[in-house]
Amino acid sequence: MEINGESVSVSHVRDVRFGEWEKADSEVLLAGDPSPFHFAANYDLRQLRQLWLGFTPTHAFLCFRFCDAEPGAQTLTVGLEHRHAHVDAPPLTVMGQLLGDFQAYGSIATLRDALTRGWYSNSGEGAFRLFPINYLAAEQDEEARSHRRREAFVNAAHQIDDLIEDRKSYSSLFRSCATFCMGVANATVGQELTWFEGFRYFVRHFTTDLQGLQEWAVDRGFVESDGRDTTALLEHYRVDRTIAELHADPEHPANGHGLEAADRFAEIICDRL
2 MEINGESVSV
12 SHVRDVRFGE
22 WEKADSEVLL
32 AGDPSPFHFA
42 ANYDLRQLRQ
52 LWLGFTPTHA
62 FLCFRFCDAE
72 PGAQTLTVGL
82 EHRHAHVDAP
92 PLTVMGQLLG
102 DFQAYGSIAT
112 LRDALTRGWY
122 SNSGEGAFRL
132 FPINYLAAEQ
142 DEEARSHRRR
152 EAFVNAAHQI
162 DDLIEDRKSY
172 SSLFRSCATF
182 CMGVANATVG
192 QELTWFEGFR
202 YFVRHFTTDL
212 QGLQEWAVDR
222 GFVESDGRDT
232 TALLEHYRVD
242 RTIAELHADP
252 EHPANGHGLE
262 AADRFAEIIC
272 DRL
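Numbers in our numbering are just positions in the sequence shown, counted from 1, shifted up by 1.
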């Protein structure tokens, strides 16, 4: 990602649709090399309006939403992935993920890509959620909130750039999709929350669908609650039913090729929250 003042240029935004994950080359997708699944897009940080924590059953990511954006630039997800499918990679094991046997890669993709990837990886099973990050508790002034959103984006972009330059390893304990999201959320919310505190809660409530981490995010005030308790919030921010509706209708315009169709997919998901 190239940031110049308030303008952001991304040369390889990944966008893979339903039905394409089976034929997409995993090495190309993770490495971010040019492919039919990548597009160039420009973003205006002055139009950044929302920031979410996104969860599939086995993955966590950040989602940024822009208003009045050019076609194809309404949402952008950022996160960490690991490569384990290429020929030289060791077998995928729990211990390998914990200790960092795999190379970490930055994922820069559309919201459609992030959700359909999770749908494919988990065979349409489990809960998918988008939680709006609660920076309102930290700042009441709109200008200050806008600054926090911008800093969150820049923070995430710099972490991805560092990852690319240093070729760091992926570790479920120290450098993962979850720790990446927690680090950016910590800075955005403005609370004195340590990585260890969050990880302790995550381990204590660990399940295969990252439920513990989501409960921790809600309990610690990362998520806008509108007076709902944890159980109600976990239900309110589920998006898997909407994803299932789109999956069942391959001819829906939101399932078409290109970033404008990806925008439509994101609008349908976000407008139902």
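Hint data in this document are derived by calculation from the structure and do not stem from the laboratory.
Every value quoted in this text rests on a predicted model; they were computed, and no experiment measured them.
Cβ atoms here follow ideal geometry from the backbone N, Cα and C, with glycine treated the same way.
Treat the hints loosely; a few may be bogus.
[Claimed, not checked] Derived DEER-like restraints, expressed as beta-carbon distance ranges:
| hint | residue 1 | residue 2 | range |
| --- | --- | --- | --- |
| 1 | Val155 | Ala249 | 25 to 31 Å |
| 2 | Asp230 | Gly6 | 39 to 45 Å |
| 3 | Glu252 | Asp142 | 31 to 37 Å |
| 4 | Asp142 | Glu261 | 32 to 38 Å |
| 5 | Glu71 | Arg242 | 27 to 33 Å |
Structure-based check of each hint:
At about 39 Å, the beta-carbon gap between Val155 and Ala249 misses the expected band of 25 to 31 Å. Under the hint 39 to 45 Å, the C-beta atoms of Asp230 and Gly6, about 42 Å apart, fit the expected range. Under the hint 31 to 37 Å, the C-beta atoms of Glu252 and Asp142, about 46 Å apart, miss the expected range. Distance hint check: the CB atoms of Asp142 and Glu261 are about 34 Å apart, consistent with the given range 32 to 38 Å.
Between Glu71 and Arg242 the Cβ separation comes to about 30 Å, which falls inside the hinted range of 27 to 33 Å.
Hints 1, 3 from the earlier list are contradicted by this structure; the remaining hints agree with it.
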